[in-house]
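Produce the entire structure from the sequences given, and follow the hints as far as they go.
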Amino acid sequence: MTTTESGTAGGSDEHPEIDWVAAERSPEFRELVKRKRAFVIPATIFFLAWYFGFIVLAGYAPDFMGEEFITDGLTVGYALALTQFVMTWVLGWMYLRRADRVFDPLAEKAAEVALRAGHDRAGRFERGDEGVTRR
Amino acid sequence: MTWVAAVNETALVVFAIVVGVTLVITYFASKRVATATDFWAAGRGLTGPQNGFAIAGDYMSAASFLGIAGLIYLFGFDGFLYSVGFLVAFLTVLFLLAERMRNSGKYTIADVLAFRLKERPARAAAALGTLSVVAFYLIAQMVGAGVLIEGLVGIDFWLSVVLTGAFMIIYIVAGGMLATSWVQIIKAFLLMGAAVVMTVWVLAEIGWNPIDLFRDARSESADGQAYLEPGLFLSTPLDTVSLGLGLVLGTAGLPHILMRFFTVPDAKAARGSVMWAMVLIGAFYVMTTALGFGARAILGQGGEEAAGPTGNFALPTLADELGGELFLAIIAGVAFATILAVVAGLVISASGAVAHDVWSNIVRRGQDSEKEEVWVAKIAAVSIGAIAIIIAIAGGEGLNVSFMVGLAFAVAASANFPALLLALTWRRFNTTGAVTGVLFGVISSVALVIISPTVWPGADSEGGLFSWYDLANPGIISIPLGFIGCWLGTVLSKEQVNVRTFDELYVRSETGLGAETGTGLTLTGRGERARATAGATTTVPHP
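Line by line, the protein sequences are chains V and F. The first sequence begins at 1 in my numbering and counts up one residue at a time. The second sequence begins at 1 in my numbering and counts up one residue at a time.
Derived from the structure by calculation, the hints contain no laboratory data. Note that the structure is predicted; figures quoted are calculated from it, not measured. Glycine residues also receive a C-beta, built at the ideal position from the N, C-alpha and C atoms. Hints may contain errors.
Said to hold, decoys possible - Each computed DSBU-like pair below joins lysine-lysine, with the alpha-carbon atoms no more than 35 Å apart:
#, chain 1, residue 1, chain 2, residue 2
1, F, Lys31, F, Lys378
2, F, Lys494, V, Lys34
3, F, Lys371, F, Lys118
4, F, Lys494, F, Lys118
5, V, Lys36, V, Lys109
6, F, Lys118, V, Lys34
7, V, Lys34, V, Lys109
8, F, Lys118, V, Lys109
9, F, Lys118, F, Lys378
10, F, Lys118, V, Lys36
11, F, Lys31, F, Lys371
12, F, Lys494, V, Lys36
Stated by the list, open to error - Ranges between beta-carbon positions, derived for each pair:
#, chain 1, residue 1, chain 2, residue 2, range
13, F, Ile211, V, Pro27, 50 to 58 Å
14, F, Gly396, V, Thr83, 40 to 48 Å
15, V, Glu14, F, Thr524, 30 to 38 Å
16, F, Lys371, V, Pro27, 41 to 49 Å
17, V, Phe64, F, Val21, 47 to 55 Å
18, F, Val279, V, Thr71, 25 to 33 Å
19, V, Val102, F, Pro210, 33 to 41 Å
20, V, Thr83, F, Trp468, 34 to 42 Å
In structure tokens form, the structure reads like this:
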């Protein structure tokens, strides 16, 4: 790398042989996107709703937030604030687990399919070149 | 502030240790950093946990350490609202941007936009967003640094600002992102350590029952039960919601945070680093309960004068009360390390916008050498640092910076976040949309803050340009405007959308296909830790 690769934001591998439109339409990529959306969209809606529920209550119902919860001194507001921390950690952990078990293998498969199609198309399918390694 | 003169020397020794350690790191890093990837992305050689600590160190500023504790000390529950928002924001980063940035970007957020849009206008827009955020954030940090160091150590304001700026410039110019990352990692350790020690100390002081924090704080506050309820600091409900929106979406548009995802070898490490950061940052913000409410319980109303009008000195005062001079000096040293790590992160991201986006790709149209690009980055870092020093000193301690961090988050949420998110997910999105979106976001955030009661017509005023407009936080208006700008620009322009490029960006960002892998760069050498991402079947070009 001696010169700046302008415009190649993706990095070192250009992959001119890959048909990206076909890759985007491949069943493997569609499956990855579908599974990812099935987690990310509901999870995003949930955390935004939970967080803004808390914020709206803090703004518009200060009296409710100041009520005693379980014991004198602990307020509903502080207890709800603590649930935000727990929610963040749990959702983060769930996403990581899902990504390791579901998204990564699917992404690997989609990438492999795109690469193989590209090699076939370019007519220079070389042995040992299609092995996709991913950690 | 009776303790200022007394701590001078001890604090200076602690400061010298902090500076000494960071300079040793910088020395080692300076011998390793050679290429542009080394300079801006630490050779993509950081592990997930390392980057997690670095994100925590990059993110939590003195506003978190001293500011939130001070807000809680003065206003109770409302201060803790900031703690919650600052953490939850990382879910936005994790779900929507972290891995995609890693898979499709190189050094700056502009890389992602320029991938599928017209290169020069897209980079110009992204650079505008980045530089606006950095400008507001950086000036707030520099003025804050001067006030804090002057108060804690007794060094004059102007000298404090110069020293902060000078060390930051040394880290970046000599050691690039590698040195910056390790300064941030060490700062995160120091910050967490200090918070844990203070929390345990406070709990010991009040008799180990955490609930007594609230009971004692309430009885020590003139506001009584209201101290434990919302509304003392944020009295306009809509403003509270607006603040929350700005915090939760703004983090996902902060250039210095997003840049950190380029420093790891693959998407897996990127998401792992967010989880590490969430654990650290969350643990820290939970502890702000003990720091803030504890300060109230232990110092009572007697500490209000020493804490100052913003409450920033509440925590140092508490440290002095608990452990005397030495502990106060240590807390001051941690605060100094905190500021250094944040300003270094901000300026290196700005240097990317100037050198990689504006100079290399807009001015030189990609015809410059990598060596030239890194040189320009270093010149940019020195210049930006110098400008920040000059503005901070010219503005002086009296400069009203309280709104600036909020403004930085608002610009990030209203300009950078919409453009990035839509570039990655909306097929129809085009260059005109990105440019108008960023312009809408930047202009509306700045304009709304200028006419807000906290700024108009002058510092510390209680006016506002319009009597009906009383929001200090513009997010609830400016964020939708940013998205509307993106949409309007897109649908009104006759620009041909290059669908094929969207497909390529989409597939690359979701699968990591063709993403640049790590070079195995570490502080001590170039190891064999380069790991392949999906599809990276060719070997990594070693510089």
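Against the structure, the hints:
1. Lys31/F with Lys378/F: Given that 35 Å is the threshold and the Cα spacing comes to 16 Å, the pair holds.
2. Lys494/F with Lys34/V: Roughly 31 Å between the alpha carbons, so the hint for Lys494/F and Lys34/V holds.
3. Lys371/F with Lys118/F: Roughly 25 Å between the alpha carbons, so the hint for Lys371/F and Lys118/F holds.
4. Lys494/F with Lys118/F: This hinted pair holds, its Cα atoms lying about 14 Å apart.
5. Lys36/V with Lys109/V: Holds, at roughly 14 Å.
6. Lys118/F with Lys34/V: holds, 29 Å
7. Lys34/V with Lys109/V: holds, 14 Å
8. Lys118/F with Lys109/V: holds, 31 Å
9. Lys118/F with Lys378/F: holds, 27 Å
10. Lys118/F with Lys36/V: Roughly 29 Å separates the two Cα atoms, so the pair holds.
11. Lys31/F with Lys371/F: This hinted pair holds, its Cα atoms lying about 16 Å apart.
12. Lys494/F with Lys36/V: holds, 33 Å
13. Ile211/F with Pro27/V: 50 to 58 Å: Between Ile211/F and Pro27/V, where Cβ atoms are some 56 Å apart, the hint holds.
14. Gly396/F with Thr83/V: 40 to 48 Å: Between Gly396/F and Thr83/V, where Cβ atoms are some 43 Å apart, the hint holds.
15. Glu14/V with Thr524/F: 30 to 38 Å: Cβ of Glu14/V to Cβ of Thr524/F: about 33 Å, so the range 30 to 38 Å holds.
16. Lys371/F with Pro27/V: 41 to 49 Å: holds, 45 Å
17. Phe64/V with Val21/F: 47 to 55 Å: holds, 48 Å
18. Val279/F with Thr71/V: 25 to 33 Å: Holds - the Cβ-Cβ distance for Val279/F and Thr71/V, about 28 Å, lies within 25 to 33 Å.
19. Val102/V with Pro210/F: 33 to 41 Å: Because 39 Å falls inside the window, the suggested range holds.
20. Thr83/V with Trp468/F: 34 to 42 Å: holds, 35 Å
In the structure shown, no violation is registered for any of the earlier numbered hints.
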